[in-house]
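Protein chains in written order, with the working numbering: chain A, 1 to 221; chain B, 1001 to 1215; chain C, 2001 to 2247.
A hint or two may mislead.
[What the hints assert, rightly or not] Partner residues are not named here, just some residues of chain C that face chain A (Cβ under 8 Å, in silico):
| # | residue |
| --- | --- |
| 1 | K2089 |
| 2 | L2092 |
| 3 | F2141 |
| 4 | L2142 |
| 5 | L2144 |
| 6 | A2148 |
| 7 | L2149 |
| 8 | A2152 |
| 9 | P2156 |
| 10 | L2166 |
| 11 | V2169 |
| 12 | D2173 |
| 13 | W2183 |
| 14 | V2223 |
Note that these hints are calculated values from the structure, not bench results.
Even glycine gets a Cβ: it sits at the ideal position worked out from N, Cα and C.
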Amino acid sequence: MSAMLRLFAHDLKLQLRLGSDLIAPVAFFVLATLLVPLGVGPEPNLLTRLAPGMIWVTALLATLLALDRLFQRDFEDGTLDLLALAPLPLEAIVLAKVAAHWVTTGLPLLIAAPVLGLMLRLDHGSYVTLEVSLLLGTPVLSMVGAFGAAVTLGARRGGALLALLVLPLYVPILIFATSAIGAAGEGLSPRPHLLLLASFFVAGLVLVPFAAAAALRNALE
Amino acid sequence: MTGLVGIRLSCRRSERVVFTRLDFSIESGGALLLSGPNGSGKSSLLRLIAGLIKPFTGHLEYEGTRLQDDPARHREIIAYLGHQDAVKSMLTVGESTRFWAGLYDHPSDAHAAMAAMGLSDLADTPGRFLSSGQRRRAALARVIAGGTPVWLLDEPTVGLDAKSIAALESALAAHRMRGGIVLAATHAPIALPGAAELNLAEFEPQGFLDDADAA
Amino acid sequence: MTTARIPLLHRYANPAAFGRLAAKVLPWTTALAILLLGLGSYFALFASPPDYQQGESVRIMYVHVPAAIMSEVVYGMMAAAAVAGIIWKHALADLFVKAAAPLGAAFTFVCLVAGSLWGKPMWGAWWVWDARLTSELILFFLYLGYLALVDAFDDPQRGLRAGAILVLVGVVDLPIIKFSVDWWNTLHQPASLMTLSGPKVDPSMLLPLMLMIGGFMAFFVSVVVLRLESELLARRIRAWRTATSEE
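Whole structure, please, built from the sequences with the hints as guidance.
Here it is as structure tokens:
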């Protein structure tokens, strides 16, 4: 456990020192969402309807953007070899790295999302649900994305391939997150949707480390 | 049996058999020098002993434990130095050495390890300012700081000057004095008194892998 | 002759043995595929009645439904083979996943095209966000992802293993995707009377449907066996190449 915390802190320190790389995903998140009103026009009712979907679709893409820094650099400079040999299981390493990655990519999205909600005229009743859906959903995006990053490690044409592999797996999260926000906007209870998201979170926490660790072993062998 | 033993190891990389039926044994405090031409599998053997590559056949034993059956034990005893130094440009030498020492639960050993490789003055220098020899020394300090009994060193002397090689040699001697084991693949001469030699060329499979004509 | 070969035989697919097996199986499955597809097409096109609601376009179902079934069955078989490949390290299992994938992708594609052709007269649009079609589209991308991943490695063995892991993750995720798409569909559209699954299958339609499903299956087996054989041969050629280039 202490080794996991050490790795988490170490990775967090490394990520925070990336500087401008660090804000790229959240900048993309804001910018891409703001392109929508420019594309479809500023009509308030239309934006209100589009807001949950747009915020979530760009959140998916923003997460995707940052995935390559999860394992790629460690793989290239030999760190991943050493981590795989270190006295903690590869599954624990995956979890620690995903957690650090989420703090630097998922958490900023949570902070930026309400501002985007204001600009897109999200329903007043939807903000809490938006935040809860991001809080439950973005860690799953990071986990599923970590699997994608692990399985494409060492492959040619990594980036586009990663998107092709990961985006279909993101579909359930997108659906339940946006339907939760939609339900809240209509004055219905978002609870069932959010509970399903929570169950994805738990399932991801249990399954993803194994899948990603298996993929990493394959890449390192 | 004490020490590290490899029994009838063979290694397949993709569709090629690199070496077959390789046996070795090293008593604690001993050393083994791997030799052989390029592509004979020195690096593959080290990665296999490290646990990064699964042996195609055969197994490894350490102090009587079959390492395949006990991966946690396997990870505890190995320190591996590959071709890459795994030095992060954003971290200082001290930070990364302390991190690795901490992972192995020896955070206090980081200081001595850096001193052993003559890095004490560079402890606060970020990785991006290091020369290639200094990076290699940082990687070696990481090996030392782990405090594990088995060191696997793939070309440890690359980029090192005479003074650093001497520092490495005394670190290896000190490690073996404590009962540690060293396996090294190197082309450069390095003083490993009493080291056995293993020529990988002797274990090259004859012909090539094609099971059709064996059927 | 060499010591290397003896242990290898246990774990490695043996091309010669597989070639003998293929030579036995292939003529039968090929004949069966031609027979069933021929008979099925006859019944589907001529010897079955038009549907009282769907009219003649119901005949598209005889391609759409078998393709849809195969698209899922093939993915299931790939997942089973992936498990076998990962647990028992059986080389033939890994190769099967790769050999079956383009066929699965093709079935999925046929299913989508047939569904879209059926949708035009029925729904008045080439594409409707029907739950089944949408899931099928996502399945198609899962296939494409597998195909792209397996090809993206310089070491074919590594690509096969990465692909097998991906297929396993996909097969766990697939029911969740289907469930979520169904959920999404019921949220956004009131259930339509006419869905692609069709209301009920009349016995007169069941015969051509069964024939076509059998034909698709036999076709799949034949092509997979051929692809496995050529993959094993290609591997042998690669082995020769590396051997000669080293001398």
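To see whether the hints hold, each was checked on the structure:
no.	hint	in the structure
1	K2089	violated (12 Å)
2	L2092	violated (19 Å)
3	F2141	holds (5 Å)
4	L2142	holds (5 Å)
5	L2144	holds (6 Å)
6	A2148	holds (5 Å)
7	L2149	holds (6 Å)
8	A2152	holds (4 Å)
9	P2156	violated (12 Å)
10	L2166	holds (6 Å)
11	V2169	holds (5 Å)
12	D2173	holds (5 Å)
13	W2183	holds (7 Å)
14	V2223	violated (24 Å)
The structure fails to meet hints 1, 2, 9 and 14 from the earlier list, while all remaining hints are met.
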